[in-house]
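Chain residues, written in single-letter form:
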Amino acid sequence: EDKVVQSPLSLVVHEGDTVTLNCSYEVTNFRSLLWYKQEKKAPTFLFMLTSSGIEKKSGRLSSILDKKELSSILNITATQTGDSAIYLCAVEPGNNRKLIWGLGTSLAVNP
Amino acid sequence: DAGVIQSPRHEVTEMGQEVTLRCKPISGHDYLFWYRQTMMRGLELLIYFNNNVPIDDSGMPEDRFSAKMPNASFSTLKIQPSEPRDSAVYFCASSLGPGEAFFGQGTRLTVV
Numbered sequence: 001e002d003k004v005v006q007s008p009l010s011l012v013v014h015e016g017d018t019v020t021l022n023c024s025y026e027v028t029n030f031r032s033l034l035w036y037k038q039e040k041k042a043p044t045f046l047f048m049l050t051s052s053g054i055e056k057k058s059g060r061l062s063s064i065l066d067k068k069e070l071s072s073i074l075n076i077t078a079t080q081t082g083d084s085a086i087y088l089c090a091v092e093p094g095n096n097r098k099l100i101w102g103l104g105t106s107l108a109v110n111p
Numbered sequence: 001d002a003g004v005i006q007s008p009r010h011e012v013t014e015m016g017q018e019v020t021l022r023c024k025p026i027s028g029h030d031y032l033f034w035y036r037q038t039m040m041r042g043l044e045l046l047i048y049f050n051n052n053v054p055i056d057d058s059g060m061p062e063d064r065f066s067a068k069m070p071n072a073s074f075s076t077l078k079i080q081p082s083e084p085r086d087s088a089v090y091f092c093a094s095s096l097g098p099g100e101a102f103f104g105q106g107t108r109l110t111v112v
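Protein chains in written order, with this note's numbering: chain U, 1 to 111; chain X, 1 to 112.
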C-alpha cells in the first residue's frame with residue numbers, strides 16, 4: 001500500500017533555530033514529491049521535487065529529494081514565529097493525480 | 001484570479017440532513033480535487049476530476065457521498081444523509097496539469 005510518513009509529528013523551537021523536517025514514502029511509480037505549509041486555513045504550496053529537480057530553495061526554506069532513500073527533507077533556517085504551521089508532504093504517483101499525503105509536522109516557533 | 005472559492009465556509013447541520021458543498025476552481029485549471037481533513041486521518045483525497053470528468057472516486061467513503069462537475073467552473077460535493085462522523089474540513093483544490101494544486105479556504109462541516 002502506498003504511504004507517506006512524516007517525522008517528527010510535532011516540534012517546538014525558538015526563533016533563530018534551524019529545523020529539519022522529514023518525509024519518507026513508499027509509492028509505486030513515483031512522479032513527484034510536494035511540500036505544503038498549512039497555517040490556520042488552506043495548505044499553500046512550497047516546493048515540488050522530481051527526478052529532474054531534486055533540490056529547491058526559496059529564501060530560508062530549502063528541500064532535497066533522496067530517491068535512493070525514498071525520502072525528502074525540508075530545512076528552515078533562522079526560524080521566525082511566522083513559520084509556525086503544519087508542514088505537509090505529499091507524493092504523486094506516476095500513473096494518476098491521486099496525491100498521497102503524510103499527516104504533517106506541526107512546527108511551533110516561540111519568540 | 002480570486003483563487004479557488006468554496007462555500008459555505010461553515011456548515012452546521014443535523015444528522016440525516018443533506019449537505020451540499022460548492023467549489024469554483026481557478027479559471028483554466030483542468031483538474032479539480034475534493035479533500036477531507038481530520039485530525040486523525042489528515043488529508044484524504046475523496047475524488048478528482050479532469051476536464052469535468054470524474055477520474056478517481058475511490059476515496060469517496062460511502063454511497064452517501066456524491067460529487068458532480070457540470071462545467072469547468074463549478075463542482076459540488078453532496079452528503080446525503082449526513083452523519084456525525086462526516087464532521088471535518090472539506091477542501092476543494094484545482095491545478096493545471098501535474099504538480100502544484102491551489103486549495104480553497106475549506107468548508108468546516110459539523111454534523112450534530
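These aren't lab readings, by the way, just hints derived from the structure by calculation. All values derive from a computational prediction rather than experimental measurement. Don't take every hint at face value.
[To be verified] Capping the alpha-carbon separation at 30 Å, the derived lysine-lysine pairs in DSBU-like fashion look like this:
1) K40/U to K24/X
2) K98/U to K68/U
3) K56/U to K68/X
4) K37/U to K3/U
5) K41/U to K68/U
6) K68/X to K37/U
7) K3/U to K41/U
8) K24/X to K98/U
9) K68/X to K98/U
10) K40/U to K78/X
Going down the list of hints, with the structure as the test:
The hinted pair formed by K40/U and K24/X meets the criterion: a straight-line CA distance of about 21 Å does not exceed 30 Å. As the CA atoms of K98/U and K68/U are separated by approximately 22 Å, the hinted pair is consistent with the 30 Å bound. At roughly 36 Å between alpha-carbon atoms, K56/U and K68/X are farther apart than 30 Å, so this suggested pair is violated. Only pairs whose Cα atoms come within 30 Å are accepted, and K37/U paired with K3/U is accepted, the gap being roughly 19 Å.
Pair hint K41/U plus K68/U does not hold up; C-alpha atoms about 34 Å apart against a cutoff of 30 Å. This hinted pair checks out: K68/X and K37/U have alpha carbons roughly 28 Å apart, not beyond 30 Å. Of the supplied pair hints, the one linking K3/U and K41/U holds, its CA atoms being roughly 24 Å apart against a limit of 30 Å. With a CA separation close to 20 Å, the supplied pair K24/X and K98/U stays within the 30 Å bound.
For the hint linking K68/X to K98/U, the alpha-carbon distance of about 18 Å falls within 30 Å, and the restraint holds. Only pairs whose Cα atoms come within 30 Å are accepted, and K40/U paired with K78/X is accepted, the gap being roughly 25 Å.
Checked against the numbered hints above, the structure violates hints 3 and 5; every other hint is satisfied.
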